[in-house]
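Colleague: Listed below, chain by chain, are the residues.
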Amino acid sequence: MGGEGETNMGASVLDLCEMSVKVAERLGATEAEAVARRGRQISVEVERSAIKSSSGGDATQLSVRAYVGKAMGLAFTTAVEGREVERTVGRAISLARSSQPDPNFESLPSPGPYPRVEGLYDAKLVNLEAPGLIDMILEGVSTAKSSPRVDVFGGGGLSMEGEAIANSHGIRVLERGTGIFGELACKISEGDDLGVGGDYFAVRHLSGADFRKIGSEALAKAEKNLGSRKVESGDYSIVLDQRTTSRTLSSIIGFGADAYNVMLGTSYFKDRLNQAIGAELISLRDDPLYRAGIASGICDAEGTPRQVTPIVERGVLASFYSDSYTANRLRVKNTGHASRPDLRSKPSPGLTNTQIGAGDASTEELIRETRKGIYIYDSGIGPMAGTTNISSMIDYGFLIEKGELKHSVKNTMIGTTVFDFLKNIDMASKELLDESGRISPSMRVLIVKVASGL
Amino acid sequence: MAKVVANLSRVLDSVRLDPGGFADLRLTDSQSTSVLIRNGVLEQTGHTHTCGVAARALVNGAWGFYSTSDSATESARFALESAIKMARAASRGMGEKAEVFREWSFMENVPLRVGINPREIPLEEKIKVADEFEKNIRKVDVRIASSTAAVGDGVRRDTISNTLGTIVECESCFVRVSGSAISKEGTLTQQVSESMASTDGWEAVERFDTTEKGVQVGTRARDLLSASPPPSGKMSVVMDPSLVGVYIHEAFGHAAEADAVKAGTSVLAGKLGQVIGSREVSVYDDPTIPGAAGSFTFDSEGTRTARRTIVENGVLVGYLYSLETASWLKSKPNGAARAMDFSSIPIIRMSNTFVGAGEMKLEELLELVKEGVYLTKSYGGYVDTVRGQFLFSAQGGNAIRDGKLAESIQNVSMSGMTLEVLEKTVGVGEGMELAFPGTCGKGGQWVPVNGGGPNLAVRDIVVGGRGR
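Protein chains in written order, with our numbering: chain A, 1 to 454; chain B, 455 to 922.
Check the hints yourself; a few may be wrong.
With a straight-line Cα cutoff of 25 Å, these simulated BS3-like cross-link-like pairs (lysine-lysine) come out [claimed, not checked]:
| id | chain 1 | residue 1 | chain 2 | residue 2 |
| --- | --- | --- | --- | --- |
| 1 | A | Lys145 | B | Lys589 |
| 2 | B | Lys589 | A | Lys346 |
| 3 | B | Lys539 | B | Lys551 |
| 4 | A | Lys230 | B | Lys688 |
| 5 | B | Lys896 | A | Lys221 |
| 6 | B | Lys582 | A | Lys70 |
| 7 | A | Lys372 | B | Lys688 |
| 8 | B | Lys824 | A | Lys70 |
| 9 | A | Lys70 | A | Lys224 |
| 10 | A | Lys346 | A | Lys372 |
| 11 | A | Lys406 | B | Lys688 |
| 12 | A | Lys372 | A | Lys230 |
| 13 | A | Lys230 | B | Lys878 |
| 14 | A | Lys346 | B | Lys582 |
Hints listed in this document are in silico derivations from the structure and should not be mistaken for laboratory results. Note that this is a predicted model, so its numbers are computed, not measured.
Turn these sequences into a full structure, and let the hints guide you.
Modeller: Written out as structure tokens, the structure reads:
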């Protein structure tokens, strides 16, 4: 219940994990791991430029992985009172006993020296309640609501969480974190014309929460989005803003360099380690140690210490990213990338704060040197469901003609392949956007197929 | 259960609300199991138990919500008091006061009505189904780089009580079998998938032919390796029922959810009674279809569900409503407010969404469009309801030349504009099949849905390929 003091939120989940591992071993597990999360969150929804609702919640989650030999059972529960913990552990063991051995499994990880990562927890945020959050959000709404023709929607929220991991090999880790996010969008109606734009932030500290800024950005983007039109289908260059570059390269390289996909043989970079996978302009590393990074932490979802991992260096694939399962299977170093957004499933590799290297042009130059192109912002482009084809809608973009931004575009798609996309990147900006540890320049890609409704 | 209901009622009775106020409590307990086999290896067997209580309060026209994973009686009181506190906080910056529809309440107990409760099936049996399905996918060709099969099931119990007098206890069940194959040759990778989902019991899994379906999945993945790159441009598209399911869900269904209409974020706002498409097109959302993946008896507000007609012969005739939006639009609730779990607030969602049957055979639809693409099997999609711009994806298909199916093509996505697509629907096929049993995401919540229809021919769809 929310009545428990947040300061001891972590300690009790660590006790819960240690107890669960001990129970599992007593019941016959040859190896066991327990992960527990206890958190509290508040969120506020904005509709038609006013507060619509305010929500809160608290929950405890426990997930137990028990191995009997190489056979695994996983049990998850939100009920941790009384004998429920023992029941959950018992279910995990019972599943393992009814299961079959996984020949790819070797062992759960062992502890290592943990790095120090600053700035993941803000006591001021812990003390913020719904009225304070609402006041901040209303400042953003009032900035965005510049006239009666503007409608503002979106909201914001905050969370605080303690997460603990314990396993049979001595891992015993506790991490606490806080976060606050905001997202505001504006809709401007002018007759039949409609302009829509939005902005957002997600940070660890209250001091980084700026609702006025995202309200102002949302309004500016919505104004620019008015008058959107379809364009002629054909071959275009595309210029990706920093957010779109970050999402797109994280998605494309993220799938290909995922050790799990390599292990399965489905990665398009499977045999490309230390080989060129795209233009020299591409350098991407993953930095989970970044101060106050939104995805930073001292250990991954299995308790393996985090580390900075170069993944692509000057267009060459430098490393796959792995968890204990895939590292053991592939006989490579465990990079500490076990990820577990949902405790109902076992971990698999996942990226944290991806950081893409800068180029030497300005963003203005990327546009100015493009004769026929589309400037894409606040969008994401990625391969279709693990294939090598890219077929994506441009959520937000502008037509570029002879180096100038013209009108906003709609009902427009791009089609290419992951290989052509990476090969055809020819410019990157020197300006970098740092969003709580996710860092990216803008980039230009020469020649992709564009289809539109004109 | 009588004790639980009495406890919830006692907690609700203990709060004092202003006139126009409203509160509800929802206790949810669900248990599920899952089995995942990949490339012949049993990767995961899992059991999930989630339980907790959620409270909503409408105070001075503003909403508050609170949930907790502790489901003791005192937690229900704590959740309700917290929800009232949240609502009071929200009222400081609110606009128009919200109200709820007050003319109905329900008192009903709906026990689980299935032939075979999946919780009674031993894990070994579930593993066997997944194993057979996966083996049949993998054996088709050595170029199947990865084959996956999963079997999942769950039983959920909701107890919902509100200050209007509703007391509903409802048990429901869900089973799903899914499989996928990734084929690889040189640098080309293709992926296909197939799934069956049902609110029937384990008998639905027993009806699933793992051999036939497995071979189909493997064959489709293999054949895509020799398919042509998908085309690019604006063209006519004939869709199979699976693709029609996701198309109508994304292109139209989300915009017909009344919360988007009320928020001013739907292009269908203010268009009730207007002609928005071809007279041949009717669109329905029906949670009452027995056994369908998106079916349910009561929604998460405790309203009995009903079949909804959204478009009738090209005219927009209805939306999907909650208690609040029905009141705002002077209509009646139709049981569309769903919550993913105890920690989620009920929001308006689709169920089984489909296009009504027409009379044309597939050959006639192909002949009608002459040139274009025939696309099959959905991957999913998304929509921006504010601007009415949507995307949906196909796993593969064929070119259409001179009214006939021609060469196979690889996976591709398409986009369109909500207010343009229904009027560009030029042919509606015969029959109706619910063929897209998927999960729909909105506001961070994922709920099971289904979609389908007959084959459909639509002009001027933007196809985002890289060929031609």
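Colleague: Are the Cα atoms of Lys70 (chain A) and Lys224 (chain A) separated by 25 Å or less?
Modeller: Since the Cα atoms of Lys70 (chain A) and Lys224 (chain A) sit roughly 58 Å apart, the hinted pair is violated (cutoff 25 Å).
Colleague: Does Lys230 (chain A) pair with Lys688 (chain B) here, judged by a C-alpha cut-off of 25 Å?
Modeller: 11 Å, holds
Colleague: Take a quick look at whether Lys346 (chain A) and Lys372 (chain A) sit within 25 Å of each other, Cα to Cα.
Modeller: 46 Å, violated
Colleague: Between the alpha carbons of Lys406 (chain A) and Lys688 (chain B), is the straight-line distance 25 Å or under?
Modeller: 22 Å, holds
Colleague: Holds or violated: Lys372 (chain A) and Lys688 (chain B), Cα atoms, limit 25 Å.
Modeller: 19 Å, holds
Colleague: Hinted pair, alpha-carbon criterion (25 Å max): Lys539 (chain B), Lys551 (chain B). Please report holds or violated.
Modeller: 17 Å, holds
Colleague: Is Lys582 (chain B) within 25 Å of Lys70 (chain A), Cα to Cα?
Modeller: 19 Å, holds
Colleague: Between the alpha carbons of Lys372 (chain A) and Lys230 (chain A), is the straight-line distance 25 Å or under?
Modeller: Answer holds: Lys372 (chain A) to Lys230 (chain A) is near 15 Å, not above 25 Å.
Colleague: Are Lys145 (chain A) and Lys589 (chain B) close enough, with their CA atoms no more than 25 Å apart?
Modeller: 58 Å, violated
Colleague: Does Lys878 (chain B) sit within 25 Å of Lys230 (chain A), going by the straight-line distance between their CA atoms?
Modeller: 17 Å, holds
Colleague: Next pair to validate is Lys824 (chain B) with Lys70 (chain A); report whether the Cα-Cα distance is within 25 Å.
Modeller: At roughly 57 Å apart (the allowed maximum being 25 Å), Lys70 (chain A) and Lys824 (chain B) break the hint.
Colleague: Just to be careful, I want the Cα atoms of Lys896 (chain B) and Lys221 (chain A) compared with a cutoff of 25 Å; is the pair within it?
Modeller: 24 Å, holds
In this structure, the hints that do not hold are numbers 1, 8, 9 and 10, in rising order.
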